[in-house]
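Sequence lines, in order, name chains A and B. Residue numbers for the first sequence follow the working numbering, so the first one is 3 and each next one is one higher. Residue numbers for the second sequence follow the working numbering, so the first one is 291 and each next one is one higher.
Among these hints, one or two may not hold up.
[Said to hold, decoys possible] Some chain B residues flagged as far from chain A (calculated, every beta-carbon gap over 10 angstroms): (1) E296; (2) E303; (3) K337; (4) S352; (5) R368.
[Said to hold, decoys possible] Partial list, derived from the structure: chain B residues whose beta carbon lies under 7 angstroms from chain A: (6) K295; (7) A297; (8) S305; (9) F331; (10) L361; (11) V364; (12) Q370; (13) A371; (14) C377; (15) G378; (16) Q380; (17) G385.
[Claimed, not checked] Here are the simulated distance ranges between beta carbons: (18) B:K345 - A:Q101: 54 to 62 angstroms; (19) B:K333 - A:H190: 50 to 58 angstroms; (20) B:E296 - A:S40: 40 to 48 angstroms.
Hint data in this document are derived by calculation from the structure and do not stem from the laboratory. From the three backbone atoms N, C-alpha and C, an ideal C-beta is built for every residue, glycine too.
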Amino acid sequence: MKLRRSMLFVPGDNAAMLSTSFVYKPDSVMFDLEDAVSLREKDSARLMVYQALQHPAYADIETVVRINELNTEYGLKDLEAAVRGGVDIVRLPKTETAQEIHELETHIARIEKACGRPVGDTKLMAAIESAIGVVNAVSIATASPRMVAIAIAGFDYLVDMHTRRSTGWEPELFYARAAVLHAARAAHIDAFDVVYGNVTDDEGFLREVQIAKQLGFNGKSLIHPKQIDLLHKAYAPTEAEVSHAKRVLAAAEEAHRKGLGVVSLDGKMVDPPVIHEAEMALQLAEAV
Amino acid sequence: MKVIKEAIAGTVESSDLLVKVAPSGKGTRDIVIRSEVMKQFGKQIKKVVTDTLDKLSVSDGSIVIEDKGALDCVIRARVQAAVLRGCGSQELDWGRLS
Numbered sequence: 003m004k005l006r007r008s009m010l011f012v013p014g015d016n017a018a019m020l021s022t023s024f025v026y027k028p029d030s031v032m033f034d035l036e037d038a039v040s041l042r043e044k045d046s047a048r049l050m051v052y053q054a055l056q057h058p059a060y061a062d063i064e065t066v067v068r069i070n071e072l073n074t075e076y077g078l079k080d081l082e083a084a085v086r087g088g089v090d091i092v093r094l095p096k097t098e099t100a101q102e103i104h105e106l107e108t109h110i111a112r113i114e115k116a117c118g119r120p121v122g123d124t125k126l127m128a129a130i131e132s133a134i135g136v137v138n139a140v141s142i143a144t145a146s147p148r149m150v151a152i153a154i155a156g157f158d159y160l161v162d163m164h165t166r167r168s169t170g171w172e173p174e175l176f177y178a179r180a181a182v183l184h185a186a187r188a189a190h191i192d193a194f195d196v197v198y199g200n201v202t203d204d205e206g207f208l209r210e211v212q213i214a215k216q217l218g219f220n221g222k223s224l225i226h227p228k229q230i231d232l233l234h235k236a237y238a239p240t241e242a243e244v245s246h247a248k249r250v251l252a253a254a255e256e257a258h259r260k261g262l263g264v265v266s267l268d269g270k271m272v273d274p275p276v277i278h279e280a281e282m283a284l285q286l287a288e289a290v
Numbered sequence: 291m292k293v294i295k296e297a298i299a300g301t302v303e304s305s306d307l308l309v310k311v312a313p314s315g316k317g318t319r320d321i322v323i324r325s326e327v328m329k330q331f332g333k334q335i336k337k338v339v340t341d342t343l344d345k346l347s348v349s350d351g352s353i354v355i356e357d358k359g360a361l362d363c364v365i366r367a368r369v370q371a372a373v374l375r376g377c378g379s380q381e382l383d384w385g386r387l388s
């Protein structure tokens, strides 16, 4: 299973970050052509991302490009650069309806054919940034077999909801987080939590990571490399959890060897969901 | 392609480069490269710049580059951006940009 704990935002026109972000080993790098790039630098950033996507340093890391909305003068050009550059995933911002995903995949298929990529090779993720997007999250998440993830973006959403970020358990985001997460799970795709904007506040960041992890998010969108290690460690299982996971898999293996359908461990049944959980725990432990 | 107006792309920040293009005024392609890593990578930088200009068929223009240790992919992108701006080109021919 592909781990998607950390998705690091890299401004598309930032040469230094484009040249080094792979060093920090996030699970995914997201080159941003949207909000992080000024209007007068859109053309240059698009070429930077197109070239960076083809750099060997990014061959072994999942790449994502956040394009501008398709109804802007930049969106389709960004899409051409991303798909022709070989991006793994296109991230559509401010997604509000499944129709936008359908329109996007039609354009992607056309570009894939034109540049010789297998049709269907480019995957999609949608960022939900409004109340209508949250309400339509299930239809968006299930809109295309290309969809691999869905993300909640907090800033625009909270403006739309006439509120602002608080500290602590963040009640203002609870419904959106739960709705987006349920949509992701119903569609069998991954879910990303919001960015944490204060890069000097590790304590606040980790508090928010715990909320996301406990709710069940695969990970978070990140805006600074220093957040990657903090996040990966927070998502890592404890030694006791790793030890238990190994015992679960050993018990399952023994049951398989003996031809038994199920087996118990410490008085609890070891069935496929328990085995899956144990496998995930070991994968997360190995990835830290 | 012919550079018809002055244009720039990039920055002078570390790992980046600033590319200035202008009409040459004499129908030639003139390239000036200044780099902090000229001794070690000068030949490679010149090759990337020349290849990029060749692919864009730039035969007429002055190209001045101030490199601050940029990777090849960054050099390629910034040269392309400056040239396309200087040629007033709106449409991208992706076959020339890879």
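* Asked: Holds or violated: is the Cβ of C377 of chain B closer than 7 angstroms to a Cβ in chain A?
  -> 12 angstroms, violated
* Does the hinted range 40 to 48 angstroms hold for E296 of chain B and S40 of chain A at CB? -> At 20 angstroms between Cβs, range violated.
* Take a look at whether the Cβ-Cβ distance between K345 of chain B and Q101 of chain A falls inside 54 to 62 angstroms. => 38 angstroms, violated
* To do: Closer than 7 angstroms between Cβ atoms is the bar; does K295 of chain B clear it against chain A? Give me holds or violated.
  => 15 angstroms, violated
* Holds or violated: is the Cβ of S305 of chain B closer than 7 angstroms to a Cβ in chain A? -> With a closest approach of 4 angstroms, the S305 of chain B hint holds.
* **Interface hint compliance - G385 of chain B to chain A, C-beta minimum distance less than 7 angstroms** => 9 angstroms, violated
* Asked: Does the hinted range 50 to 58 angstroms hold for K333 of chain B and H190 of chain A at CB?
  -> Holds - the Cβ-Cβ distance for K333 of chain B and H190 of chain A, about 52 angstroms, lies within 50 to 58 angstroms.
* Decide, holds or violated, for the assertion that all CB atoms of chain A are farther than 10 angstroms from the CB of K337 of chain B. => 15 angstroms, holds
* Asked: Taking the least C-beta to C-beta distance, is A297 of chain B closer than 7 angstroms to chain A?
  -> 10 angstroms, violated
* Asked: Regarding the hint that V364 of chain B lies at the interface with chain A, is the smallest CB-CB distance below 7 angstroms?
  -> 5 angstroms, holds
* Asked: Taking C-beta pairs only, is S352 of chain B more than 10 angstroms away from all of chain A?
  -> 19 angstroms, holds
* Hint check: 7 angstroms Cβ-Cβ cutoff, A371 of chain B to chain A -> 4 angstroms, holds
Hint check: violations occur at hints 2, 5, 6, 7, 9, 14, 15, 16, 17, 18, 20; the rest are consistent with the structure.
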